[in-house]
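Undergrad: Residue numbers (the numbering used here), protein chains in the order written: chain A, 10 to 104; chain B, 37 to 244.
These are calculated hints, taken from the structure and not from any lab test.
The beta carbon of each residue, even a glycine, is placed where N, CA and C say it ideally should be.
Please note: incorrect hints may appear among the correct ones.
In silico contact screen, one side only, chain A against chain B (beta carbon under 10 Å); selected entries [said to hold, decoys possible]: (1) A30; (2) G31; (3) F37; (4) S44; (5) I74; (6) L76; (7) K93.
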Amino acid sequence: MTDLDRVIHEPARLLLVALLAGVAGADFLWLQHESGLTKGNLSSHLARLEEAGYVEVEKTFKGKIPLTVLRLTRAGKGAFDRYKKQMKGLLARSS
Amino acid sequence: MTDVPDLNDIARRPTRYWNADGLSELMMGLLWILWGGAWQLGQALPRGQTWRVYTMLTPALLALSAVAATWATKKLKARITFPRTGYVEWKEPTGGQRLAAAGIALLSASALAAVIAKSRAAGFERVAAPSMGVLLSLSFLVASLRQRAPHWLALAGVALALGLAFGALTIGWDAAYWLLMALGAATVLVGGLRIKWFLDRHPLEDRG
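Please construct the entire structure, taking both the sequences and the accompanying hints into account.
TA: Spelled out as structure tokens, the structure:
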């Protein structure tokens, strides 16, 4: 368990990373709807992921409406893939 | 939020989100009505120069209508869905996925063309509607199970019932065209109801 990435291993952040891994990008509202997290909780987890370099934030416009799109970075994708492999390995060993 | 999330389930959520609002059913239904109607119109036209031009142009126009429907669905999602439940950029298919889709489409089209070419002697037009009904019903069934969308189970039942009913009428190819139009109307109805439910459940909030 000591090798597991602690940033991703936290269930809420794992959920966010897994959600972002399935899309090219998404906004705060979609992540909030899908994760069921409160705004404050979601913000703090996203800040932690951004700090780790796993998520990038792009501020853009859709027509005249401002839009903040969140994406998983290359490092984030790599970390998520590594985490899944490690978990599979752990589960295989325990069964 | 202490439970470990089911990663396989989460991986399917973006696809489910595409179908969350009923817009895709609405567009699919409209497409089927258009396709069925266009082929039915072709049958009704008197054979001649106009008919030849019509039958030559129709397949390309119908193929184009599928592209237009995808474009329109995306535009409608930007206006209706995204302001309510959030914006998503879906992943573009990879080169391999595009190639596989093109291969399947080419194989299906070739098989269909071969079946139609041999159909006059074999009387395929009599089984076209039930076959289409069964195929569409199976597609709805698989999609329903994969996407956890129980309303598609109802559409699977409707497709099967309509296929068998129109097949029993023994009206040749018309049965297949009427099946498309009737199933299209049912799908539009389901799509319309689901859009209404979606709008009721997700009122527009002030995001400022």
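Undergrad: Run every hint past the structure and note whether it holds.
TA: Tested hints:
no.	hint	in the structure
1	A30	holds, 8 Å
2	G31	holds, 4 Å
3	F37	holds, 8 Å
4	S44	holds, 8 Å
5	I74	holds, 8 Å
6	L76	holds, 6 Å
7	K93	holds, 7 Å
Checked against the numbered hints listed earlier, the structure breaks none of them; every hint is satisfied.
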